[in-house]
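K.L.:
Each chain, written out:
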Amino acid sequence: MTDLPAGERQQLPPPAADTGAMGWLRRNLFSSWGNGITTVVLLAAILWLLAWFVDWAVVNAVWTAPSGQACRGHGACWALIHEKYRFIFFGTFPYEQQWRPLLAVIVMVTMLGTSADRRMWNRRLIWIWGIGSFLTFLLMFGQINIPLGLILFVALAVGGLGMLLRSAVAAAPEIAGWRTLAAIGAIGIVLRLVGVLPPWSLAIAPFSYVETGLWGGLPVTLILATYGLVFAFPYGILLALGRRSNLPLIKGLCIGFIELIRGVPLISLLIMASVMLPLFLPTGMTIDKFLRALIAVILFAGAYIAEIIRGGLQSLPKGQFEAADAMGFNYFQRTTLIILPQALRVVIPPLINTFIGFFKDTSLVLIIGIFDFLNAANQALVDPNWAGFPSEVYLFAAFVYFCFCFSMSRYSKYLEVELNKGTRR
Amino acid sequence: MAVETAGSAIRPKVAPWNDPVIRGWAFQIVIVGLVGLLAWFLVSNTMENLARQKIASGYDYLSHEAGFEIGDSMIPYSPANTYARAILVGVLNTLKVAILGVILSTILGTLIGIGRLSPNWLLAKICEWYVEVFRNVPLLLWLFLFYKIISEAFPGPRQAINIMGALFLSNRGLYFPVPVQDPIHPWMGLALVIGIAAAIVMKRWARRRQETTGLPFPTIKAAVALVIGLPLIVWLLGGAPHHMSWPELKGFNFRGGTVIQPEFTALLFGLVIYTSAFIAEIVRSGILALNKGQSEAAAALGLSRGQSMRLVLLPQALRVIVPPMTSQYLNITKNSSLAIAIGYPDLVAAVNVTINQTGQAIENVLIIMAAFLTVSLGISAFMNWYNRRIALTER
Chain A
1 MTDLPAGERQ
11 QLPPPAADTG
21 AMGWLRRNLF
31 SSWGNGITTV
41 VLLAAILWLL
51 AWFVDWAVVN
61 AVWTAPSGQA
71 CRGHGACWAL
81 IHEKYRFIFF
91 GTFPYEQQWR
101 PLLAVIVMVT
111 MLGTSADRRM
121 WNRRLIWIWG
131 IGSFLTFLLM
141 FGQINIPLGL
151 ILFVALAVGG
161 LGMLLRSAVA
171 AAPEIAGWRT
181 LAAIGAIGIV
191 LRLVGVLPPW
201 SLAIAPFSYV
211 ETGLWGGLPV
221 TLILATYGLV
231 FAFPYGILLA
241 LGRRSNLPLI
251 KGLCIGFIEL
261 IRGVPLISLL
271 IMASVMLPLF
281 LPTGMTIDKF
291 LRALIAVILF
301 AGAYIAEIIR
311 GGLQSLPKGQ
321 FEAADAMGFN
331 YFQRTTLIIL
341 PQALRVVIPP
351 LINTFIGFFK
361 DTSLVLIIGI
371 FDFLNAANQA
381 LVDPNWAGFP
391 SEVYLFAAFV
401 YFCFCFSMSR
411 YSKYLEVELN
421 KGTRR
Chain B
1001 MAVETAGSAI
1011 RPKVAPWNDP
1021 VIRGWAFQIV
1031 IVGLVGLLAW
1041 FLVSNTMENL
1051 ARQKIASGYD
1061 YLSHEAGFEI
1071 GDSMIPYSPA
1081 NTYARAILVG
1091 VLNTLKVAIL
1101 GVILSTILGT
1111 LIGIGRLSPN
1121 WLLAKICEWY
1131 VEVFRNVPLL
1141 LWLFLFYKII
1151 SEAFPGPRQA
1161 INIMGALFLS
1171 NRGLYFPVPV
1181 QDPIHPWMGL
1191 ALVIGIAAAI
1201 VMKRWARRRQ
1211 ETTGLPFPTI
1221 KAAVALVIGL
1231 PLIVWLLGGA
1241 PHHMSWPELK
1251 GFNFRGGTVI
1261 QPEFTALLFG
1271 LVIYTSAFIA
1281 EIVRSGILAL
1291 NKGQSEAAAA
1301 LGLSRGQSMR
1311 LVLLPQALRV
1321 IVPPMTSQYL
1331 NITKNSSLAI
1341 AIGYPDLVAA
1351 VNVTINQTGQ
1361 AIENVLIIMA
1371 AFLTVSLGIS
1381 AFMNWYNRRI
1391 ALTER
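Chain order of the listed sequences is A and B. The numbers in our numbering rise by one with no breaks, and the one at position 24 of the first sequence is 24. Here our numbering = 1-based position in the second sequence + 1000.
If you are wondering where the hints come from, they were derived from the structure by calculation, not from laboratory data. It cannot be assumed that every hint is accurate.
[Stated by the list, open to error] If you anchor each label on the Cβ, the simulated ranges turn out as follows:
1) A:Ser315 <-> B:Trp1385: 21 to 31 Å
2) A:Gly422 <-> B:Glu1128: 27 to 37 Å
3) A:Phe399 <-> B:Pro1186: 48 to 58 Å
4) B:Arg1319 <-> A:Ser315: 16 to 26 Å
This one's a predicted model, so the numbers in the text were calculated from it and none came from an experiment. Ideal placement from N, C-alpha and C gives every residue a C-beta, glycine not left out.
Please put together the full structure from these sequences, using the hints given.
P.N.:
Below, the structure is given as structure tokens:
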């Protein structure tokens, strides 16, 4: 048997019990006595739970009914969802206008979805976000008035930023372009302040105006999470750079702020924004409740983003800083051209995880009375005609949240592998 | 080289506006000045607004009568007590939820995390879906769901579910009998503390003996005997008082006994389930971070899976696990403030009522922040100490 030439050796098939479905079962479910018992017990428990759940949620469920009374004594009352789904998704937005928040949600999801595609990670992203944000707010508000002062200020800011960011890399004509833009903005603002330019504003008013107090449901959750993080991002970068700086006063300020915010719960900041912010402002000036919540979210998110970016900054080898210095770059050029592009790339997956966290945490704004998705679901339960079916509504809301968060967390995992391809061997 | 010997201490001569040190200070002074200006703007506005709205300032209100009920209190409290005491009740409730939450979610999270690595495919899948389902939905939603299930799915006090004639489960919570107050109880508590201390001393002694002589000692059995036995002996010496206060249905609710309230149950349950999903991921990645050789070596030594987990893998994984675990513990503490949404009287809820009654928002928000910062710093300090203790001691 052992001395047969290679060609005449009998090729025995693997034992039948180790291959195919049986082999898989043996290896993964019944590898030992203890394992087998665990499997059987778990299987029984799952089947029992599943049978109970299917019985409640499908077999005995009521899908359509005129009111909650018809659901009594049956299983799940999905009729309630059928009746209230528009309220849960769009809150108190005027009923006949609810195609607008629907479109806004679609625009925002498309915006987020296209930003997830790595082929879009270039200048196109600025256009996608600019147009997408404009459409979202136009759809939600219905009418937008842009005062001339704001347009001029944006021109100054964009021109100034362009001058700063492109100073070391762009050709002379481009720099001249940025300078012209900034100059137009600056001169315009001066003229407007002096009173030469009239108080004109660009009015875009295709739909009827809907104030933020009437906004509700999914668009509010999406806007708070997305724009909370978008605005918190630059300010988180500044905090992170400040914390890493070797100027003692700046460093102290940034550390103090970050640790203060991270040490207290979001609720306390929301309460602060709702009761203290009005006291901080000059007499007679008020801020919209929605904007107050957004400010609290931005302040809160900034501290967390700063800590993530600090992790990215710390992961860079010292040679990068030294090389930039050796090239004769000043602090600003070194940071924007060498350090940040590398540091931010490392922190994209944890930033997405932060976004998931904030998508869930924006549900806390219901404490100060804003109609986000969860609060709208909560209010749907108040109707006396449909009282007594909280589980259905909460399970439905949980399902929607799960779909968003689960897909984002899968994307973040995929990205982590994808971005590390270069360093993995 | 020549430059260095010529005087490395001498800074090159540059114009003051190009000197990095002077520039740095100028920049800092400008920024701090701007921040100070903003602060001055906010403070002066606030002063003006407070004066205009005739809102008092200062902490005098703390000694005034609170006048609101608190449903769950660990220390005697009535509406006639002061605001300070009401807030103290809130702080104690927050600490109670946070401490229980930390302990329970650590246990549950560790079990789920280990379960995800089980060779049993079914168990691993169940644990994986547990993690995905519970961490991808907001905690607040879980709290609402559990609270509504408890308060609507359970019957009213009159139809309470009676378990073994002693426990009553209804939508008012779980009522159970407790021993009537007796002078021996404080002494039993003291005996318990002594028992725990003795068990710790004994464990150290047994360990040193095993290290020097190799003789094992039944530490666990002896510790259990000490911790349970000492209070029991005190109880017997005190004449074994066994009067119990039984819950009884009087009118619309139970009297006597003690109760675990549905708000508390829902809050603790929600916190534990939500956080344990995150802790499970931390534990799993901590174990996966270990070299595969460690589990193989443990198996080669003939240790069972449980033994290799307990004696070889977990102690090493702890070094990776502890830092992220600290932030989860901080999260539990901060998330316990969601209690306000389902009506459990924690710190934030008590302070919120105080704000509404006194109008003194600033002082109260400062109290919340100070309390949470103190607790957070305490947890961080403890976990940092623990982290140093378990850190790898190298030569």
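K.L.:
The hint says 27 to 37 Å between Gly422 of chain A and Glu1128 of chain B; measuring C-beta to C-beta, is that right?
P.N.:
With Cβ atoms ~29 Å apart, the hint holds.
K.L.:
Given a hint of 21 to 31 Å, does the C-beta separation of Ser315 of chain A and Trp1385 of chain B actually sit inside it?
P.N.:
27 Å, holds
K.L.:
Just to be sure I understand the hint, the distance between the Cβ atoms of Arg1319 of chain B and Ser315 of chain A should be within 16 to 26 Å; is that true here?
P.N.:
The hinted range 16 to 26 Å holds for Arg1319 of chain B and Ser315 of chain A, with Cβ atoms some 20 Å apart.
K.L.:
Is the hinted range of 48 to 58 Å satisfied by the C-beta distance from Phe399 of chain A to Pro1186 of chain B?
P.N.:
At 51 Å between Cβs, range holds.
Checked against the numbered hints given earlier, this structure breaks none of them.
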